[in-house]
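Residue-level listing of the chains:
There are 2 protein chains.
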Amino acid sequence: SVAAPAIAAEPTVQWRLTSSFPKSLDTIYGAGETLAKRVSDITEGKFQIKVYAAGEIVPGLQALDAVQQGTVQLCHTAGYYYVGKNKAFAFDAALPFGLTSRQQAAWMYFGGGMQLMRDFYREFNVINFPGGNTGAQMGGWFRKEVKSLADVKGLKMRIPGIGGEVWARLGAVPQTLAGGDIYPALEKGTIDAAEWVGPYDDEKLGFYKVAKHYYYPGFWEPGPQLSFLVNAAEWAKLPKHFQAAFEAAAAEANITMQAEYDAKNPLALAKLLQNQVKLLRYPTDLLKAGQTAAFAIYEEEAAKNPAFKKIYTEWKKFRSLEHAWFNLAETQLESFMYSNKVK
Amino acid sequence: SVAAPAIAAEPTVQWRLTSSFPKSLDTIYGAGETLAKRVSDITEGKFQIKVYAAGEIVPGLQALDAVQQGTVQLCHTAGYYYVGKNKAFAFDAALPFGLTSRQQAAWMYFGGGMQLMRDFYREFNVINFPGGNTGAQMGGWFRKEVKSLADVKGLKMRIPGIGGEVWARLGAVPQTLAGGDIYPALEKGTIDAAEWVGPYDDEKLGFYKVAKHYYYPGFWEPGPQLSFLVNAAEWAKLPKHFQAAFEAAAAEANITMQAEYDAKNPLALAKLLQNQVKLLRYPTDLLKAGQTAAFAIYEEEAAKNPAFKKIYTEWKKFRSLEHAWFNLAETQLESFMYSNKVK
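Order-wise, the sequence lines are chains A and B. Quick note, the first sequence lines up with residues 19 to 361 if you use full-length UniProt numbering. Quick note, the second sequence lines up with residues 19 to 361 if you use full-length UniProt numbering.
Just chain A, same shape as in the assembly (with noise of 0.2 Å):
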């Protein structure tokens, strides 16, 4: 018999990505195998993305430094992990009161956001790819009810990044805590209330055990957007046809990501609503103080710092034009449809 042929099946590209999310968070760290999956396929198997979940190589919040220097060659995070370095960082993730999910992708592809955030990553050798988003959190869990804005004076809440700037200028005292210790924290009483994620998330954490009012709206996550961050010169390396095979399975993570988390929340909604759980929606003064507090936050950073100036000049006008437009058709149709009900 004559031998076959050794033809090397070598993979040409071997990528690792480090994902600032555990597994446990599975839709979001999903997004990250989604895109390996297609790339791979795409290739038959020669363009291969080796997914590693938060601290396998680097802790969860030093995706955007491995991906800098090098250590790996892209990341799965969000954005607004990193505004500790710059605020400016937000606008590739969420600000509060700000751009939903759909006005965020619209705004990344087709309204010059994916532009001005390309020329800000560049100084931190990265490219930026939106990678997914989770739509409007939910507002978190709290051991007593809110009736109004005077009941969040030196309240202790779980909250990170300008979301919890924006909760101190309410008179909050806002906690910076992991996933893993909020429930002990809430439980025992060291803080009172914590955010999470939404429905789906929350529930297999059993905050609802220790803290029974699940407030909404998350205004300081209105649709924070994931997103996938390469180095720039290992991108320059990729051939073109890798780069687009890497580009549409991105916007396809970015997508699936999103609807995945608008089919799991109903149900996991529906099971939290029988276990007790109080549905309130925040106050009217309390939205309307962070309202007013997130804008002064912008306008106070815009006139010390370039970069956010920069970006913000752009994306407030471009926030200002999507909200009058999204409160007509799409928001007046939806707030019929779900309030009115037919036998």
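No lab work stands behind these hints, which were simulated from the structure alone. Every residue gets a Cβ at the ideal spot worked out from N, C-alpha and C, and that includes glycine. It is possible that some hints are incorrect.
Cut-off 30 Å, straight-line C-alpha distance, at most; resulting in silico cross-link-like pairs (BS3-like, lysine-lysine) [claimed, not checked]:
| # | chain 1 | residue 1 | chain 2 | residue 2 |
| --- | --- | --- | --- | --- |
| 1 | A | Lys-296 | B | Lys-306 |
| 2 | A | Lys-174 | A | Lys-222 |
| 3 | B | Lys-334 | A | Lys-289 |
| 4 | B | Lys-359 | B | Lys-165 |
Residues from chain A that keep clear of chain B, each with C-beta distances beyond 12 Å, as calculated [as the list claims (entries may be wrong)]:
| # | residue |
| --- | --- |
| 5 | Glu-74 |
| 6 | Asp-83 |
| 7 | Arg-136 |
| 8 | Gly-182 |
| 9 | Gly-198 |
| 10 | Leu-223 |
Given the coordinates of chain A, work out where chain B should sit on it, guided by the hints.
Same frame as chain A, now just chain B:
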């Protein structure tokens, strides 16, 4: 000198896509070109799709038949164009008071909708892929104000499909007119009202010059999805990695077409408002009667059409869960943001 070797760079697969849309509907039509360009770039030109506008190969509303018969390999169309064959086609696009754009994507990708629709399309020798969405459409242009449901009686309105059936039950006389025939009919008063798409497409046709009342929301199209329909035998012949390239590119076209409308509609709306257009919300009694009529149509159809019933039973459960969830974080935040003005 040595002659360069004659390497045949022939594409191995060449497909023709017939669009149901004219090039003038550039955003919708463009989804076909997005797909074609991306597939070609990924495969280094080895899988080419040539896009033809409505009428170049077959008329726009015969796109499905052309794919079914193998005249072309695929089309870009809207399922609800074929409700004359079976009302169940509407689930692949939109039904009055049904799913929004995000809910439709959730249903298709993660809610069981894809499998249900593929089972349905199988008898037409077709495999379907979501291929764009316009988002909630506007409610159309009216020569006179509609102050309540009573004003609908005898109203001649250009509105096709199930939306037209709903309006008929409200007392209107639905008309079917092609895009180019609407303006003169509105101008002469042959019709009293006409719906088209949304600000971006409506503005180009100039309806505001002959009918100043611009109503919202287009309750019969909360999130109309476009589809790529591929001949099943042609699909089966594709190499797996070409199938993968196609699927990723179709998903990309699905999100980017929506994003493009979401970026363009606000600008067009602002232009329209400079032309003394009166923006009006449909009276609540009209919306309520419309929803009741729509739901009655679905129940009646389910009682006599097994294909419709099979999909409707699942779709209805899904819609109910989605509407309960979207009524919280998403819609409450949007309603607040769009109405609370901060200087």
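Results of checking the hints against the structure:
1. Lys-296/A / Lys-306/B: Measuring from Cα to Cα gives roughly 29 Å; hence the hint holds.
2. Lys-174/A / Lys-222/A: 23 Å, holds
3. Lys-334/B / Lys-289/A: 19 Å, holds
4. Lys-359/B / Lys-165/B: Cα-Cα ~28 Å, so holds.
5. Glu-74: 26 Å, holds
6. Asp-83: 29 Å, holds
7. Arg-136: Holds: least Cβ distance 17 Å, greater than 12 Å.
8. Gly-182: 18 Å, holds
9. Gly-198: For Gly-198/A, whose nearest Cβ neighbour in chain B is about 24 Å away, the distance exceeds 12 Å, so it holds.
10. Leu-223: Check passes; 17 Å lies beyond 12 Å.
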